[in-house]
Amino acid sequence: MAEVRLNNITKKFGAVTVIPDMSLTVPDGSFTVLVGPSGCGKSTLLRIISGLEMPSDGEVMIGGEDVTFAEPSDRGISMVFQSYALYPHMTVAQNIDFGLRLAKTPAAEREARVAEAARILALEDYLDRKPGQLSGGQRQRVAIGRSIVRQPKVFLFDEPLSNLDAALRGQMRVELAQLHQSLDATMIYVTHDQVEAMTLADQIVVMNRGRIEQVGAPMDLYDRPMTEFVAGFIGSPKMNLLPGAAIGRGDVKTVGIRPEHLRADPETGDWPATAKVVETLGADTVVYADAETLGEITVRLPGKMRLSAGERLFLSPEPGNLHLFDEDGHRMEQTA
Amino acid sequence: MATAATSRRLPASERLRRSLGNGRVSAILILLPPALILFTLFVILPLGESGYYSFFNWNGYGAPSDFVGLENYERIAGHSIFHKAVGNTVKIVAVSLLIQMPLALALALLIFRKTPTNAVFRLIFFVPYILAEVAAGLIWSFVFDGNYGITASVAQSLGMDSLFILADRDWAFVAVMTVIVWKYFGFHMMIYIAALQSVPEDLIESGRIEGAKRLQIVRYVQIPHIKPAIIVSAFFAIIGALQVFDVIIPLTNGGPSNQTHTIVTYLYTFGLTRLNIGFGSAVGVILFVAAITVAVFYQRFFMKGDKA
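One line per chain: the protein sequences are S and A, in this order. For the first sequence, my numbering assigns the number 29 to the initial residue and increments by one for each residue that follows. For the second sequence, my numbering assigns the number 5 to the initial residue and increments by one for each residue that follows.
Pulled out of the complex, with its shape left as it was, chain S reads as follows:
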């Protein structure tokens, strides 16, 4: 376990600056998720922490030690790749054991650590198989097992679930959360999926164009997004971002309201709208509506509420749940 601290990290690829001057602290034992759209620099940042990429400027501290120029293997980190990066010619046991063999760990200790990792990840029956004979979820577990046996100070995950189908992704999310609880290790996890970020993290770092938009606990980001970008990125379905002038708030540029903070009524309300698409999800019903004065708007309603496309409805925002943003996209304190 160790704290990871990035001080004034800059990364340039030729003339292109991918990360301009970023500082971040990942607390000891936390599950920190770097989230953002493709190309925002989150994977580059993870690779800088891992040592696979050198920063153009700034320093990387792990456990209080400056590792900016240290080899990846000397940083006390392990990394799970999106592609799993398993060696196809080695068995599961050999894959898990690889780092220990290179480190010339005594055979008895290696065996014990591999057995323990296999037990934690339910891989005992697959140790003699090769990666090609495993399912996607099993391969992912092997990749995690390879990380565990090295007993690193920091676990790094680079979009580890994005190659899995939706059901398996959900299952692996739970397993990763349990793993974090049982190992109590510092984990840094990169994803572009905000659902993964919300469910796994105890600290989320939202990135956009190489900069940190906001750092905080998942519900802090959800309840108090500090920028318009975070407001639009965190939450599913996305927050409605409406022009202030259109709803009578000429003093703000954008007003954000989450789909679940809108009430719908067939007869009365602030904004008349027509349901265009209705997604019935069971517990919820998500309605994509066309509000005459506001344009497209998304509403999340209780699942028991039945609606059909083409139906008229009136929408009203719940008081106290508006998010106001100024010209620069920064949060304004709510006065409504």
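Just so you know, these hints were derived from the structure itself, not from any lab. It is possible that part of the hints are untrue.
Stated by the list, open to error - Taking lysine-lysine pairs in the DSBU-like style, the calculated list, with each CA pair at most 35 Å apart, reads:
| no. | chain 1 | residue 1 | chain 2 | residue 2 |
| --- | --- | --- | --- | --- |
| 1 | S | 181 | S | 40 |
| 2 | A | 217 | S | 40 |
| 3 | A | 95 | A | 231 |
| 4 | A | 187 | A | 308 |
| 5 | S | 281 | S | 266 |
| 6 | S | 40 | A | 118 |
| 7 | S | 132 | A | 231 |
| 8 | A | 308 | A | 88 |
| 9 | S | 158 | A | 308 |
| 10 | S | 181 | S | 158 |
| 11 | S | 158 | A | 231 |
| 12 | A | 231 | A | 88 |
| 13 | A | 231 | A | 217 |
| 14 | A | 118 | A | 187 |
| 15 | S | 181 | A | 217 |
| 16 | A | 187 | A | 95 |
| 17 | S | 332 | S | 304 |
| 18 | S | 281 | S | 304 |
| 19 | S | 132 | A | 118 |
| 20 | S | 132 | A | 88 |
| 21 | A | 88 | A | 187 |
| 22 | A | 118 | S | 158 |
| 23 | A | 118 | A | 231 |
| 24 | A | 308 | A | 231 |
| 25 | S | 132 | A | 95 |
| 26 | S | 132 | S | 158 |
| 27 | S | 266 | S | 40 |
| 28 | A | 118 | A | 217 |
| 29 | S | 40 | S | 281 |
| 30 | S | 304 | S | 266 |
| 31 | S | 158 | A | 217 |
| 32 | S | 332 | S | 266 |
Unchecked claim - Selected chain S positions facing chain A (Cβ under 8 Å, derived; list incomplete):
| no. | residue |
| --- | --- |
| 33 | 78 |
| 34 | 80 |
| 35 | 111 |
| 36 | 126 |
Each residue gets a CB set at the ideal place from its N, CA and C atoms; glycine is no exception.
With chain S held as given, fit chain A onto it using these hints.
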């Protein structure tokens, strides 16, 4: 099982009609004959003829009539120069496998990444392979020339007597093998480069994180990953070594004192140029059997394909 049982019950005409209907038989009927005819005309028939001629004492003129049975084979078996040629061929196989391939792999590992500099080096290393064998042999015969060649200049600048490497019984074949390695390593290097470029970067990076040094990544990650390419390359190296001919003729023509013959130059020298077509045919048959044997064994033991 059900399908098999059904097809057994179907009359032959119906089975044929269905096969024609799905296009498979039509494709075979259209595409196979040209290849089969060419293969028969240019491979099977000449091979059969060689086998036939090898039982005759025949100079290539008129029809063979002097049937000698296995005498040609007996003469070959007892001919010391043939033994030397076989030994030399084995040496070329060994040098191809133990020097040429490792050299090609080492260079491939240095320049497999796609950079402009590497592209230049790739081209430089590949040029010998593009050169015609006879041209390559001539170029190196100038290099090794004891009067005017580079080796002569080097020897003179070092104050030594001129070296006539290609006329030296002990060193001529070393020179030949040097030229063979120089000529063909680029081919194997290209195979390895293509294979190395297909190794996912994640595997290499994962190895670095696990603590593997550069050579350990080569040993544990890259070489196992390109093993199929290495097996194919070794196959080409062995079969190519059995067929070495046109580099040697301009270099040494089998000399000095028949010390640098391979099986093919032996066939050419003692079969064709001396108009012993029956004898040469017998050498050809032996070479063919050797090549087929190597190919079959190699395919069986090394090219089965890793299913895992």
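Status of each hint after checking the structure:
no., hint, verdict
1, S:181 x S:40, "28 Å, holds"
2, A:217 x S:40, "26 Å, holds"
3, A:95 x A:231, "24 Å, holds"
4, A:187 x A:308, "29 Å, holds"
5, S:281 x S:266, "18 Å, holds"
6, S:40 x A:118, "21 Å, holds"
7, S:132 x A:231, "25 Å, holds"
8, A:308 x A:88, "34 Å, holds"
9, S:158 x A:308, "18 Å, holds"
10, S:181 x S:158, "28 Å, holds"
11, S:158 x A:231, "16 Å, holds"
12, A:231 x A:88, "33 Å, holds"
13, A:231 x A:217, "20 Å, holds"
14, A:118 x A:187, "24 Å, holds"
15, S:181 x A:217, "21 Å, holds"
16, A:187 x A:95, "16 Å, holds"
17, S:332 x S:304, "19 Å, holds"
18, S:281 x S:304, "26 Å, holds"
19, S:132 x A:118, "34 Å, holds"
20, S:132 x A:88, "49 Å, violated"
21, A:88 x A:187, "23 Å, holds"
22, A:118 x S:158, "30 Å, holds"
23, A:118 x A:231, "21 Å, holds"
24, A:308 x A:231, "12 Å, holds"
25, S:132 x A:95, "39 Å, violated"
26, S:132 x S:158, "23 Å, holds"
27, S:266 x S:40, "32 Å, holds"
28, A:118 x A:217, "22 Å, holds"
29, S:40 x S:281, "33 Å, holds"
30, S:304 x S:266, "17 Å, holds"
31, S:158 x A:217, "24 Å, holds"
32, S:332 x S:266, "22 Å, holds"
33, 78, "6 Å, holds"
34, 80, "5 Å, holds"
35, 111, "5 Å, holds"
36, 126, "5 Å, holds"
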